[in-house]
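Student: Each chain, letter by letter, is given below.
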Amino acid sequence: MIHFDSVSKIYNGNCAALEDINLRIKAKEFISLAGPSGAGKSTLLKLLICEEKPTQGKVFLDKQNLSLVKPKDLPAIRRKIGMVFQDFRLLANRTIYENVAFAMEVVGGTNDEIKQDVPQVLDVVGLADKAEYFPNHLSGGEKQRVAIARALIHRPSVILADEPTGNLDLLNTWDIVKLLLKINELGTTIILATHNREVINNLGRRVITLDKGKLIRDEEKGRYIL
Amino acid sequence: MFKTNLIRILKTGFQNFWRNSWLSIATISVIFLTLSVITALVLLNVVSQSVVANLQNKVDISAYFHTQTPEDDILDLRKHLVDLPEVEAVNYISREDALESFREKHDDNEILMQSIAELNDNPLQASLNIKSHTASQYQGIVSFLEKDEYKSMVDKINYHQNKEVIERVSSLAANIGTGGIAASLILALMAIFVTFNTIRLTMYNWKDEISVMRLVGAGNWYIRGPFLVEGVIYGLLAALASLIISYPLLYLVSPKITSFLPEVDLLYFFEANIWQIIALLIIVGVALGCISSAIAIRRYLRA
Ligand SMILES: Nc1ncnc2c1ncn2[C@@H]1O[C@H](COP(=O)(O)OP(=O)(O)O)[C@@H](O)[C@H]1O
Ligand SMILES: [Mg+2]
Chain V
79 MIHFDSVSKI YNGNCAALED INLRIKAKEF ISLAGPSGAG KSTLLKLLIC
129 EEKPTQGKVF LDKQNLSLVK PKDLPAIRRK IGMVFQDFRL LANRTIYENV
179 AFAMEVVGGT NDEIKQDVPQ VLDVVGLADK AEYFPNHLSG GEKQRVAIAR
229 ALIHRPSVIL ADEPTGNLDL LNTWDIVKLL LKINELGTTI ILATHNREVI
279 NNLGRRVITL DKGKLIRDEE KGRYIL
Chain D
5 MFKTNLIRIL KTGFQNFWRN SWLSIATISV IFLTLSVITA LVLLNVVSQS
55 VVANLQNKVD ISAYFHTQTP EDDILDLRKH LVDLPEVEAV NYISREDALE
105 SFREKHDDNE ILMQSIAELN DNPLQASLNI KSHTASQYQG IVSFLEKDEY
155 KSMVDKINYH QNKEVIERVS SLAANIGTGG IAASLILALM AIFVTFNTIR
205 LTMYNWKDEI SVMRLVGAGN WYIRGPFLVE GVIYGLLAAL ASLIISYPLL
255 YLVSPKITSF LPEVDLLYFF EANIWQIIAL LIIVGVALGC ISSAIAIRRY
305 LRA
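Quick note, the sequences are listed as chains V and D, same order. Per my numbering, the first sequence starts with residue 79, numbered consecutively. Per my numbering, the second sequence starts with residue 5, numbered consecutively.
Keep in mind the hints are simulated off the structure, nothing from the lab. A portion of the hints provided could be inaccurate.
[Unchecked claim] Taking beta-carbon pairs under 8 angstroms as the criterion, some of the chain V residues facing chain D (in silico): (1) G135; (2) K136; (3) K148; (4) A154; (5) M161; (6) T188.
For glycine and all other residues, C-beta sits at the position ideal for the given N, C-alpha and C.
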């Protein structure tokens, strides 16, 4: 479903953020993308949402070569992908419900669809009772769950999580990881980029390790080894 | 889906407009200023064209004949002139008539009167005063008078002096026009600049929203829409303001101009062309607003 074919990424002439990455990811996999900070994890995810273009090589999503995507087709690609970040990126002046609804509004969801779908995803992430709260009144783990709900609203085939637990304490971290596992079980591919050793070692799923832009290890049921 | 989107875009656009009401007012003022200058320019053009047309009507040619030319020859030439299609009227002023009006004109100037009386002969020339239908036809009449058969009798033609006046007025009008166009261009650029910055500021307030929109795959037009709406609102309100202000202003000023230049009736012109003026103001105002927002949005939408 996702295929990196000899992909390199060099930011404005400096050293390579990614170097000759070859990688295939099947639908419904749960991937941990490991590596110290600066290894190129975020860059790899950015290539998938077309925020960056590869300097060399090709990235395929569902057989579509992302280098050939025209600007006007970008929105369609981004709706296939749910993205979650370390800093949540919620809108502070909107309630939890509105934050999720906003993602539907701006892609033309009708009011009826919004009324139907938003409570559903809030239920999936366990926040149905806090729909009218503002983000500032939630814990970090809850904020991240809102972000995940928002990422889920378009029923994406893949969710990219870039250090989603980076700002969270241990308890909340496990909350989020369990939520991602649950979403994966419901049929969504997950790519979890993290440098958290605990998380990766306890997951027991496929681990792809990057270091200094190179793919140095790719193991089923892997561990964080550097 | 299209209707839902349109309603949301319009709603957000109006929100942008209200949330920054002071900035909105400032922006509208600058567009308003530009539109007012353009309106003034149009009206000024009407005035100067009427003045030029009027002056051209007042222009005529006088051909002066050598004093020894027989009156019959002159009257003969007059007949030929009247037959010319471009000639509207020809007036014969005999030497006696000329002397008579000269005396009337200068009867308070004793020295001049005395010296005239001392001459035994009438020093004034007979002349033909010719009017054509339009000013451009005078050149043809002049060449007719300069033909060989009349050369010996015609002493001088005073067309060129009047021509100069006409040309001066026309070029003055053209200069005012060019100056006005330059002024409106400069103002238009200023309006674009101010609107551009206003919209950039409202965009700054929306930067989190915009980044989320892009993240969840909102279409570019959906992101652009509200800011274009904002620009259009600025343009429309500025057009409305300049209409509301220029009409009463003209109502007051137009009669004064008419009393000064009877051939100019600005209020009538304004009323007769009201739809064209409204269209011009709206098109220019909306274009200014739209262009500025389009420039401001561009950098937010890259990639
Ligand atoms: N926009 C950018 N411009 C220039 N260099 C960048 C940019 N983004 C990332 N880099 C560089 O690319 C390398 C990989 O960064 P990143 O993909 O963010 O790593 P990670 O997410 O694993 O911490 C780093 O050396 C970083 O400095
Ligand atoms: Mg990173």
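Student: For every hint, state whether the structure bears it out.
Tutor: Status of each hint after checking the structure:
no.	hint	verdict
1	G135	violated, 19 angstroms
2	K136	violated, 18 angstroms
3	K148	violated, 11 angstroms
4	A154	holds, 7 angstroms
5	M161	holds, 6 angstroms
6	T188	holds, 6 angstroms
Checked against the numbered hints given earlier, the structure breaks hints 1, 2 and 3 and satisfies all the rest.
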